[in-house]
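One line per chain: the protein sequences are Z and B, in this order. End of the first sequence = 505 in the numbering used here, gap-free, step of one. End of the second sequence = 356 in the numbering used here, gap-free, step of one.
Hints should not be assumed to be uniformly reliable.
SDA-like mimics (lysine to any residue), calculated; alpha carbons at most 20 Å apart, straight line [what the hints assert, rightly or not]:
#	chain 1	residue 1	chain 2	residue 2
1	Z	Lys236	B	Ser327
2	Z	Lys236	B	Thr113
3	Z	Lys367	B	Arg304
4	Z	Lys187	B	Leu330
5	Z	Lys187	B	Ala305
6	Z	Lys232	B	Ala267
7	Z	Lys189	B	Ala267
8	Z	Lys123	Z	Glu141
9	B	Lys169	Z	Ile158
10	Z	Lys232	Z	Lys367
11	Z	Lys232	Z	Cys52
12	Z	Lys187	B	Asp324
13	B	Lys169	Z	Ala263
14	Z	Lys187	B	Ser327
15	Z	Lys123	Z	Pro237
16	Z	Lys189	B	Thr113
17	Z	Lys114	Z	Leu40
18	Z	Lys382	Z	Leu337
19	Z	Lys79	B	Glu57
20	Z	Lys79	Z	Leu119
21	Z	Lys187	B	Ala222
22	Z	Lys79	Z	Arg464
23	Z	Lys187	B	Glu57
24	Z	Lys177	B	Lys169
25	Z	Lys117	Z	Gln32
26	Z	Lys177	Z	Leu337
27	Z	Lys275	Z	Pro237
28	Z	Lys189	Z	Pro237
29	Z	Lys79	Z	Glu470
30	Z	Lys123	Z	Thr17
31	Z	Lys114	Z	Cys52
32	Z	Lys189	B	Lys169
33	Z	Lys189	B	Glu199
Read the hints as simulated data drawn from the structure, not as lab findings.
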Amino acid sequence: MNQLADTVVSHEPQPDTTSRHVRQAEVVARLQQLLPARSLLWTPEDTTPYECDGLTAYRERPLLVALPETEAEVAAVLKACHALGVPVVARGAGTGLSGGALPHRLGVTLSLAKFNKILKLDKLSRTAVVQCGVRNLAISEAAAPLGLYYAPDPSSQIACTIGGNVAENSGGVHCLKYGLTLHNVLKVKGFTVEGEPVEFGADALDAAGLDLLTVVVGSEGLLAVTTEVTVKLVPKPRLARCIMASFADVRHAGDAVAAIIGAGIIPAGLEMMDKPMTAAVEDFVHAGYDLDAAAILLCESDGTPEEVAEEIGRMEAVLMGAGATRLEVSADEAQRLRFWSGRKNAFPASGRISPDYMCMDSTIPRKRLADILIAIAAMERKYGLRCCNVFHAGDGNLHPLILFDANDPDQLHRCELFGADILETSVRLGGTVTGEHGVGVEKLNSMCVQFSPEEREQMLSLKRAFDPHELLNPGKLVPTLHRCAEYGRMHVKKGLLPFADLPRF
Amino acid sequence: MQHDDPALQAVVDQVREAASREAPLRIAGGDSKAFYGNPVEGTLLDTRPLAGISSYEPSELVITVRAGTPLAEVEAVLAERGQCLAFEPPRFGAGGTVGGMVAAGLSGPARATAGGVRDHVLGASLLNGRGEVLSFGGQVMKNVAGYDVSRLLAGSLGTLGVILEVSLKVLPRPAASASLCFAMGQADALDCVNRWAGEPLPLSASAWFEGRLWLRLAGAQAAVRSAIATLGGERLDDREAEAFWTSLRDQQHAFFAGLPLWRLSVAATTPPLALPGESLIEWGGAQRWLISTEPARRIRDAARAAGGHATLFRGSVPGVAAFDAVSPPLARIHRQLMTSFDPQHLFNRGRLYPSD
C-alpha cells in the first residue's frame with residue numbers, strides 16, 4: 001500500500017555524477033567478464049525496480065544489479081567487488097520494512113532471486129535444505145505432504161524469502177510458542193565478503209567454537225552473504241482453535257494477556273487490536289468483529305484435539321476472569337481463519353482509510369501494553385494524527401500504524417516525530433526500537449537512543465571482524481558515532497552516564 | 001545493570017588493573033565446570049560477589065540475574081512460581097553460577113525439543129577487555145535492534161568478556177509428564193525417536209543406553225495420556241524417571257564415570273557410529289557420548305562426516321585440544337571477533353582455542 005511514499009532521503013555525501021559514471025563503467029566492465037549479459041542490469045530503466053524495498057520512503061539506484069545463478073558466480077562477484085572496494089547489498093524479495101535492502105549509490109545490488117530451489121526435504125530428520133531465494137510459505141507448502149511445516153510466519157510469508165528471514169531474524173504471529181528464525185534454523189551457508197565459502201551452524205544442534213549463527217541471523221546482510229539455509233520443520237498440529245475476546249477497556253485486555261501467561265499457558269498465537277484498528281479491518285474483511293470493544297484479543301491453541309480442548313477451556317476461564325465482555329470460540333477452520341483475516345489484513349485495511357501510513361515495530365514488556373496505548377493516545381492529540389494499533393500481544397511487539405498524508409509535508413514531519421516518540425517511549429518502558437522489522441536505515445537514529453556510544457562501537461567492531469573494510473551493506477543497522485552526534489543529543493542512559501569518571505582504554 | 005554497585009566496581013577495577021599490565025585473567029564463578037575446555041592460566045577473577053536476582057516477573061516469562069548468582073537459587077525461585085529453565089542446564093556441582101551456565105552454553109536432556117541456552121538468552125551485560133560495561137538485547141522476547149551479542153555469549157567460555165548480568169526466558173513447568181522405556185537396539189532406537197519427533201507428540205527428551213530407549217513426554221495432561229496409549233512401552237515410576245533424567249542432566253549416571261569422555265554433536269539421524277567404546281545417546285540422536293581411547297583424529301573425523309564436531313569433554317589426552325578446529329575463514333572470524341571484544345586477550349586465554 002502507500003507506505004510513506006515519495007520522500008527521498010539520503011545521508012551520504014554525494015560524489016559528483018561524473019565520478020559515479022566512471023565508477024559504474026569500471027564495475028560493469030569487470031563484472032561483464034564474470035557473468036553473462038542477462039545477469040547484469042545497470043541502465044536506469046532496469047535498476048529502478050530495485051531502488052527500494054518495502055520501505056518506499058527511501059530510494060536509491062545502485063551502480064549495477066547482479067543476478068548470479070550459481071554459487072560460483074556469487075563468489076566471483078564478491079571477489080571482484082572486494083578487489084575494487086565496491087559495496088555489496090544482498091537482496092531477496094525486497095519485502096523488508098526498514099530499508100535493509102536499500103541500494104548503495106556506489107554499490108552493487110546482489111539479487112539472489114534466482115536461488116529459488118528447495119534442494120532437500122527430509123521427513124526423518126525434519127529438515128529442509130533450501131536456497132536463499134525460496135519463499136517462506138513455499139517451504140511449508142512443500143513440507144505439507146510430510147505432515148511438517150516451517151514455523152516462523154511473518155505476515156509477508158507469501159512473498160518474503162528465507163534469506164531475507166535470516167537477515168532480519170523474522171518472527172510472525174506464532175513465535176511466542178515456536179520461536180523466531182534463529183530458533184528454527186540449523187545452518188546458514190554462504191560467502192564472506194572476500195568471496196570465500198563459509199558455513200555458520202551445522203547439521204548438528206551446535207557447532208564448534210563461538211556460536212556465530214546467533215549474530216549472523218538478524219545481521220541484515222552486514223556480515224556475510226547467505227545462499228543456502230537448513231531449516232527445522234515441525235509436525236503440523238492436528239487442530240487449531242482460536243478464541244476471540246472483547247474487552248471494554250484496553251487495560252483489562254493488557255491484564256488478560258499477563259493473566260494467560262501467568263496461568264502457565266503459552267498460546268500458539270496471542271494478538272490484540274484496538275478499537276480504531278478493529279473498525280478499519282471490519283470494514284475491509286467483514287469478519288464480524290465486535291465494534292463496541294475497546295480492544296479485541298485473539299488467542300489460539302494448537303495440538304491434539306484433547307490438548308486443544310483442555311487449553312481452550314483454561315484460556316476461556318482466564319479471559320472471563322480478566323473481565324472479557326464477550327467470548328467466541330472458532331467452531332471450525334473456516335471460522336478460525338475468519339477471526340484471523342482481520343489481523344492479517346491490518347496493513348492493507350489501514351491503507352484504505354488513509355492515503356499513507358507508517359508502521360512502527362517496537363517491543364515492550366507485556367505488562368506495559370496499556371501504558372503504551374495510553375501514551376500513544378496522548379501522542380495522537382499532540383501530533384494531530386490518528387493511529388491504529390495491532391500488537392503481537394503475547395510477546396509485547398507493537399505495530400502502531402500512524403495515518404497521514406505524505407503530500408502534506410507538515411503531516412509527514414509530524415508523523416516522523418510521532419514515530420520517533422513511540423520508539424523512544426518504548427525504550428523508556430524497558431523495550432526495544434525494533435522487534436522484528438529490523439533497523440535498516442529507518443531506525444538508525446533510534447539506535448542512538450537505545451545504545452551507548454561504547455555499545456555501538458562494539459557492534460561496529462563486531463562487523464569489522466567479519467568485514468574489515470565494511471563493504472557488505474554499509475551504513476545500515478548500526479549508526480556511526482558521527483551520525484548519533486548529529487542526531488543531536490548526548491544520550492544519557494537511565495539517567496546516568498556509565499562510569500562517567502572512568503578513564504577508557 | 002546498576003552501575004554504582006561496589007561489587008561491579010571491584011570487577012571493573014580488577015580488569016583495568018590487569019589490562020594495564022597485560023596480565024591474563026581466569027574468570028570463574030563456582031568453578032563447577034573447570035574441567036571443561038582447554039587449560040587456562042591467569043589470575044582468578046571471581047564473579048560470585050556479583051550476585052542476586054535483579055528482577056523476576058513470572059507473567060513476563062523473564063528473569064534477570066547477576067552472573068555470580070548460584071544456579072540452584074535461580075531454579076528454586078522459578079520453581080516457587082511453577083516455572084523453569086526449559087533447557088535444563090547441567091549442574092556439575094552445587095556452586096555453579098548463572099554466568100558459568102551461559103558461558104559454557106551447555107544444555108540438558110530437553111535440548112532437542114526445548115532449545116538450548118542461547119535460545120533462552122534475551123539480554124546480557126558484559127565487561128569487555130577495554131573495561132567498558134555494555135548491554136545488549138533486553139528483557140523482551142522479540143528484539144532485532146543491532147547484532148544479538150547477548151546470545152553470542154552462550155558457549156563463548158568467557159573469551160569475549162566478563163558476563164555481568166543476563167536476562168533469560170523462562171517457561172511454565174509442563175502440566176504433566178511421563179517416561180516410557182523400550183528394549184531396543186541402537187539403530188532401531190535412532191529410527192524410532194526421529195520418526196516419533198515428526199508426529200505431533202509431546203516428546204520432551206530421549207536417551208539410549210545398553211539396549212534400552214528411554215523417552216520422556218511432557219505437556220498438557222490430555223496430550224501425555226494419549227501419547228502413552230499410542231507409543232506403548234513400559235511406563236516408569238515417576239520418581240524413578242525423574243532420578244534417571246537428573247542423572248543424565250548432571251552426569252551422575254554411572255556411564256559418566258568413564259574416561260576419556262567424548263561428546264559428539266552430530267545430525268540426529270546419523271546411523272550408529274562405527275567407533276569402539278561405550279556410548280550413551282541423547283537429544284534424539286544429536287548428542288552422542290562416547291567413552292573411548294580411539295585416536296582423537298578418528299573420533300573427530302567420524303563426527304565431521306556426520307555433519308558435526310567432537311569435544312573432548314572430560315579427561316585429558318596428551319596433545320589433544322578440547323574442541324574441534326573450525327574452517328580457516330571461521331577461525332579468522334573467531335580470532336578477529338575475540339580481538340574486537342578483548343584486544344589484549346586478557347580473558348580465559350586459551351580456553352576455547354589453545355593459545356599459540
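ask   = Is lysine 177(Z) within 20 Å of leucine 337(Z), Cα to Cα?
value = holds, 19 Å
query = Holds or violated: are the alpha carbons of lysine 236(Z) and threonine 113(B) at most 20 Å from each other?
reply = holds, 15 Å
inquiry  = Does aspartate 324(B) sit within 20 Å of lysine 187(Z), going by the straight-line distance between their CA atoms?
reply    = It holds: about 18 Å lies between the C-alpha atoms, which stays within 20 Å.
inquiry  = Holds or violated: lysine 123(Z) and threonine 17(Z), Cα atoms, limit 20 Å.
reply    = violated, 55 Å
ask   = Under the criterion that the straight-line Cα-Cα distance not exceed 20 Å, is the pair lysine 236(Z), serine 327(B) satisfied?
value = The hint is violated at about 36 Å.
query = Does alanine 222(B) lie within 20 Å of lysine 187(Z) when you go C-alpha to C-alpha?
reply = violated, 35 Å
message = Against the 20 Å threshold, does the CA-CA distance of lysine 79(Z) and glutamate 470(Z) hold or violate the hint?
response = Given that 20 Å is the threshold and the Cα spacing comes to 14 Å, the pair holds.
ask   = Given the hint that lysine 232(Z) pairs with cysteine 52(Z), does the C-alpha gap stay at or below 20 Å?
value = At roughly 31 Å apart (the allowed maximum being 20 Å), cysteine 52(Z) and lysine 232(Z) break the hint.
query = Is the Cα-Cα distance between lysine 232(Z) and lysine 367(Z) 20 Å or less?
reply = Violated. Lysine 232(Z) to lysine 367(Z) sits at ~32 Å, over the 20 Å cutoff.
ask   = Does the structure keep lysine 79(Z) and leucine 119(Z) at a Cα separation of 20 Å or less?
value = Cα-Cα ~26 Å, so violated.
query = Hey, lysine 79(Z) versus glutamate 57(B), does the alpha-carbon distance stay inside 20 Å?
reply = violated, 50 Å
query = Do the alpha carbons of lysine 169(B) and isoleucine 158(Z) lie within 20 Å of each other, as the hint requires?
reply = violated, 30 Å
Of the hints listed earlier, those the structure fails to meet are numbers 1, 3, 9, 10, 11, 16, 18, 19, 20, 21, 23, 25, 27, 28, 30, 32 and 33, in rising order.
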